[in-house]
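Colleague: The lines below spell out each chain.
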Amino acid sequence: MYDTPNTERTVTRNETKFSARKVQVYYGDTHAIKDVDVDIEDKTVTAFIGPSGCGKSTFLRCLNRMNDTIDVCRVEGDILLDGQDIYDKKVDPVQLRAKVGMVFQKPNPFPKSIYDNIAYGPRIHGLAKNKAELDEIVEKSLRRGAIWNEVKDRLHAPGTGLSGGQQQRLCIARAVATEPEVLLMDEPCSALDPIATSQVEELIDELRTNYSVIIVTHSMQQAARVSQKTAFFHLGNLVEFGETGQIFTNPKDERTESYITGRIG
Amino acid sequence: MTDATLNGSGPGKSSSLTARDARTKRRNASEKRFQAYGMIAIGIGLFFLVVLAFTIIRSGIPAFTKTVVDVEFTITQAEYEAAESELFKTKAYQDLFISKLEAQLQERGLEVDFDADAIERLLGKTGGTIREYYQGNSNMLGEPVRFELAASSRVDGYFNGRVTREGMQDSRFLMKTDLDIVDALHEAGIMKSAFNWNFITGADSGVDNPGGAGIGASVVGSFFMMLVVLLLSLPIGVAASIYLEEFAPQNRFTDLIEVNISNLAAVPSIVFGILGLAVFIQFMHLPQSAPLVGGLVLTLMTLPTIIISTRASLKAVPPSIRDAALGVGASKMQAVFHHVLPLAMPGILTGTIIGLAQALGETAPLLLIGMVGFVARGYPDGIVAGFTDPNSAMPAQIYTWAARADVAFYEKAWGGIIVLLVFLLTMNILAIILRRRFERRW
Numbered sequence: 000m001y002d003t004p005n006t007e008r009t010v011t012r013n014e015t016k017f018s019a020r021k022v023q024v025y026y027g028d029t030h031a032i033k034d035v036d037v038d039i040e041d042k043t044v045t046a047f048i049g050p051s052g053c054g055k056s057t058f059l060r061c062l063n064r065m066n067d068t069i070d071v072c073r074v075e076g077d078i079l080l081d082g083q084d085i086y087d088k089k090v091d092p093v094q095l096r097a098k099v100g101m102v103f104q105k106p107n108p109f110p111k112s113i114y115d116n117i118a119y120g121p122r123i124h125g126l127a128k129n130k131a132e133l134d135e136i137v138e139k140s141l142r143r144g145a146i147w148n149e150v151k152d153r154l155h156a157p158g159t160g161l162s163g164g165q166q167q168r169l170c171i172a173r174a175v176a177t178e179p180e181v182l183l184m185d186e187p188c189s190a191l192d193p194i195a196t197s198q199v200e201e202l203i204d205e206l207r208t209n210y211s212v213i214i215v216t217h218s219m220q221q222a223a224r225v226s227q228k229t230a231f232f233h234l235g236n237l238v239e240f241g242e243t244g245q246i247f248t249n250p251k252d253e254r255t256e257s258y259i260t261g262r263i264g
Numbered sequence: 000m001t002d003a004t005l006n007g008s009g010p011g012k013s014s015s016l017t018a019r020d021a022r023t024k025r026r027n028a029s030e031k032r033f034q035a036y037g038m039i040a041i042g043i044g045l046f047f048l049v050v051l052a053f054t055i056i057r058s059g060i061p062a063f064t065k066t067v068v069d070v071e072f073t074i075t076q077a078e079y080e081a082a083e084s085e086l087f088k089t090k091a092y093q094d095l096f097i098s099k100l101e102a103q104l105q106e107r108g109l110e111v112d113f114d115a116d117a118i119e120r121l122l123g124k125t126g127g128t129i130r131e132y133y134q135g136n137s138n139m140l141g142e143p144v145r146f147e148l149a150a151s152s153r154v155d156g157y158f159n160g161r162v163t164r165e166g167m168q169d170s171r172f173l174m175k176t177d178l179d180i181v182d183a184l185h186e187a188g189i190m191k192s193a194f195n196w197n198f199i200t201g202a203d204s205g206v207d208n209p210g211g212a213g214i215g216a217s218v219v220g221s222f223f224m225m226l227v228v229l230l231l232s233l234p235i236g237v238a239a240s241i242y243l244e245e246f247a248p249q250n251r252f253t254d255l256i257e258v259n260i261s262n263l264a265a266v267p268s269i270v271f272g273i274l275g276l277a278v279f280i281q282f283m284h285l286p287q288s289a290p291l292v293g294g295l296v297l298t299l300m301t302l303p304t305i306i307i308s309t310r311a312s313l314k315a316v317p318p319s320i321r322d323a324a325l326g327v328g329a330s331k332m333q334a335v336f337h338h339v340l341p342l343a344m345p346g347i348l349t350g351t352i353i354g355l356a357q358a359l360g361e362t363a364p365l366l367l368i369g370m371v372g373f374v375a376r377g378y379p380d381g382i383v384a385g386f387t388d389p390n391s392a393m394p395a396q397i398y399t400w401a402a403r404a405d406v407a408f409y410e411k412a413w414g415g416i417i418v419l420l421v422f423l424l425t426m427n428i429l430a431i432i433l434r435r436r437f438e439r440r441w
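Each protein sequence line maps, in turn, to chains Y and F.
Under numbering that gives the first Met the number 0, read the first sequence as residues 0 to 264, first letter to last.
Under numbering that gives the first Met the number 0, read the second sequence as residues 0 to 441, first letter to last.
Hints may be right or wrong, so weigh each one.
Taking beta-carbon pairs under 8 Å as the criterion, some of the chain Y residues facing chain F (in silico) [claimed, not checked]:
no.	residue
1	Y86
2	V90
3	V93
4	G100
For the record, the hints were derived by calculation from the structure and aren't laboratory data.
Model, not experiment: these values are computed from the prediction.
The C-beta atom is built at its ideal place from N, Cα and C for all residues, glycine as well.
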């Protein structure tokens, strides 16, 4: 578990990006998230861990209102992004999602060319005035996604023709192309092999310099490797939230200890 | 308990991999049987398809040929003036024609008795045709002119084997002696088969003139109807499906709509016909027998088919594509129109073409709105003019021909079916080409 070097854990105080208070989520009659209070910092990787069905993905999808697309889903409580309530009636979820990008569990590039995959977001948000600017954004995003060198000669080849790991990095590049402030990642490595996983993990660590990254993962090793903060969810409750090193070496709650030592989950 | 069953029946350690046990044999045999059933089923299907195609082509081909008298002769200025000075002018031209024909046969060493009545039975009123020609083209007097005169449908039948010397009875339409003239003309190479362009371009004829009947007018009618159906049902159907599938809330009301759309797809077409009669003609006073009304009725019929297939193909687009689009900040409408709809397009086109093909072959609703009218008058002006002029449609025309007494119309009906199938095939090929263009290229 500790055979790979953990990221340095300098305890710096970054600004709070997301702040959630008393968040409740219901799917019809099911109470999926109970009373979650959490502050997520800027320029930090925060990992959500916990057994399947504990609500970590649900909570993640609340942060950019992807749950709006599910009819029976109901969210209560306050989630503030830079002090603004994202569930305010005046907030347009489309604008929110441009600020809070998302990468999904399965790589899901559009069935279009690599170039068009990246350019789609900037195009619909009007980020580029002309073709040259768009080209620049595409290159910058692909470089940030650490995939530029692999695809620069075939930008007009289909994005679906890449390998799984490349596709996922393409999706990350697509997410950063709209200049978001927060990146949400829902188990981004669960469909990837170990080599692709380590590439994506390296990338996540680099992304930390510009964004607040929130990653949901099933792999505790991954959480330990990439994150500075870790939140442990269990049965819809946020059981423990703190420095990753502290959670893994000295958990305060016995449920957390049981989970990371493999007794539950 | 579980330990005990492990040592019980079933292949033990000692059984060889090369020797098949009874169970495996039974499974393999049943698989082989199943494949055999499948092959037999496909074989039977293919056999009937071949029989069908053969029957249609064999019975329909005669409709595309006609028997003509192809003869070249010269009428001098003097002969023209003589004929014009007669009291019965067309009669004079007919006599002129007979004498020319007789002369040509004698040249070839054939001797037949001609009489004017026989020629009239075989070729109709030839004198009028010839006179009309020379009145329009008097400069051709003294020059050799080639005439192609259509023979009556009974002569067609004689060449096709439908009318035989033994089976026929003398009538005012055809006498046994006439057949001697036919044989002689045929031997001389004057009477022969030619391609019947009139069948493809012409309009329907009266019940006593099967030779002049054509399907062209109803092809135009069907084309106009398909245009109306396509222009109305595709946008309405696709828009309705997108709304129901992507935007509408899931509640009892939308469930009700959903169930009713499925039910509408199974409603007999004649019901739509009587609805069209009541609403479009009696209530809205749209013109009867018009392709516009036919198209509207068929649109009602086609809409459920298109909606059902469009919804199915929208459902088949993986949700991850929607997530991806929403995730980069696309609005719901952008996600649907930029990503979901293009991926669903091949399926939508398939559904549309199935709906259109159904509509093209529909007869019953057209009978009710009067699209079986006899439309030869004023052709082609009145028909090609547009959507509101009386017209017929191919299946209705075929039905009309099949119902007529004269057997010559029977082969016209088969020929009409060939034209209908060619029309359908063209539509399908067009759809396949379109679908190829929309399909993901990777």
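Colleague: All the hints need checking, so say for each whether the structure fits it.
Modeller: Results of checking the hints against the structure:
{"no.": "1", "hint": "Y86", "result": "violated, 17 Å"}
{"no.": "2", "hint": "V90", "result": "violated, 13 Å"}
{"no.": "3", "hint": "V93", "result": "holds, 5 Å"}
{"no.": "4", "hint": "G100", "result": "holds, 7 Å"}
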